[in-house]
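Please build the complex by placing chain U on the supplied structure of chain E, with the hints as guidance.
Number of protein chains: 2
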Amino acid sequence: MLDKTTRINYLFDFYQSLLTPKQKNYMALYYLDDFSLGEIAEQYNVSRQAVYDNIKRTEAMLEEYEEKLGLFAKFQERDQLLSRLKELLGNSSDKVLEIIDRLENME
Amino acid sequence: MLDKTTRINYLFDFYQSLLTPKQKNYMALYYLDDFSLGEIAEQYNVSRQAVYDNIKRTEAMLEEYEEKLGLFAKFQERDQLLSRLKELLGNSSDKVLEIIDRLENME
Numbered sequence: 201m202l203d204k205t206t207r208i209n210y211l212f213d214f215y216q217s218l219l220t221p222k223q224k225n226y227m228a229l230y231y232l233d234d235f236s237l238g239e240i241a242e243q244y245n246v247s248r249q250a251v252y253d254n255i256k257r258t259e260a261m262l263e264e265y266e267e268k269l270g271l272f273a274k275f276q277e278r279d280q281l282l283s284r285l286k287e288l289l290g291n292s293s294d295k296v297l298e299i300i301d302r303l304e305n306m307e
Numbered sequence: 201m202l203d204k205t206t207r208i209n210y211l212f213d214f215y216q217s218l219l220t221p222k223q224k225n226y227m228a229l230y231y232l233d234d235f236s237l238g239e240i241a242e243q244y245n246v247s248r249q250a251v252y253d254n255i256k257r258t259e260a261m262l263e264e265y266e267e268k269l270g271l272f273a274k275f276q277e278r279d280q281l282l283s284r285l286k287e288l289l290g291n292s293s294d295k296v297l298e299i300i301d302r303l304e305n306m307e
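The listed protein sequences derive, respectively, from chains E and U.
Taking our numbering, I'd label the letters of the first sequence as residues 201 to 307.
Taking our numbering, I'd label the letters of the second sequence as residues 201 to 307.
In isolation and in its complexed conformation, chain E is listed as follows (with noise of 0.2 Å):
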């Protein structure tokens, strides 16, 4: 099971486009840079409380998105498959392993 610092930074990453610019500025601050709830509530002059709020709630909406679309769940079973494909053509051509690493680097 991954912390869940880690799976949130994952969500983030594939969701942050559905948020909003102050939602996104938050979640970057705070798990991408690692800054405290009191740098946060500084920079943009609010209380702690409100970041703190802020950022419960986005990492609620994360989750919600992650129960309906699975994005980082198929990510997760495509990779197992992927490098099950990789052990299984070792010997191949570079093409055949350009084209696995190409769809490996896809989100």
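You may find that some hints are simply not true.
Identical copies carry no separate label here, and so any pair may be met within one copy or between two of them.
Here are the simulated DSS-like pairs of lysine-lysine, each with C-alpha atoms no more than 25 Å apart in a straight line [what the hints assert, rightly or not]:
1. Lys224 x Lys268
2. Lys224 x Lys274
3. Lys204 x Lys286
Keep in mind the hints are simulated off the structure, nothing from the lab.
Here is chain U on its own, set in the frame of chain E:
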């Protein structure tokens, strides 16, 4: 270029989980079951114009989701890569082909 109905059908497939129940029903009746606007209006006891407006708004939402998440575009890209892989690996073992099939059948 896909015709509009086919494209909307695909987008509906990818994003219907993000629509409201009413939006889903109207779209399914209109696009999947080929009901006319008048028939849907009668069934829901609303005006033909109301059904039309709802469907147009939903179509715009589907295009907006595609712009943000690009699931249909990625599906097409992946599908092409997998077809090429299959061509290159036409004589491979059943195991390899089974994995490619599973990848092809994921959304």
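Results of checking the hints against the structure:
In the homo-oligomer, the alpha carbons of Lys224 and Lys268 lie at most 25 Å apart both inside one protomer (20 Å) and across protomers (14 Å), since each shortest distance falls under that limit. Proximity of Lys224 and Lys274 under a CA criterion of 25 Å is satisfied in both settings, with 23 Å inside one chain copy and 23 Å between copies. For the homomeric pair Lys204 and Lys286, neither the shortest alpha-carbon distance inside one copy (29 Å) nor that between copies (38 Å) is at most 25 Å.
The structure fails to meet hint 3 from the earlier list, while all remaining hints are met.
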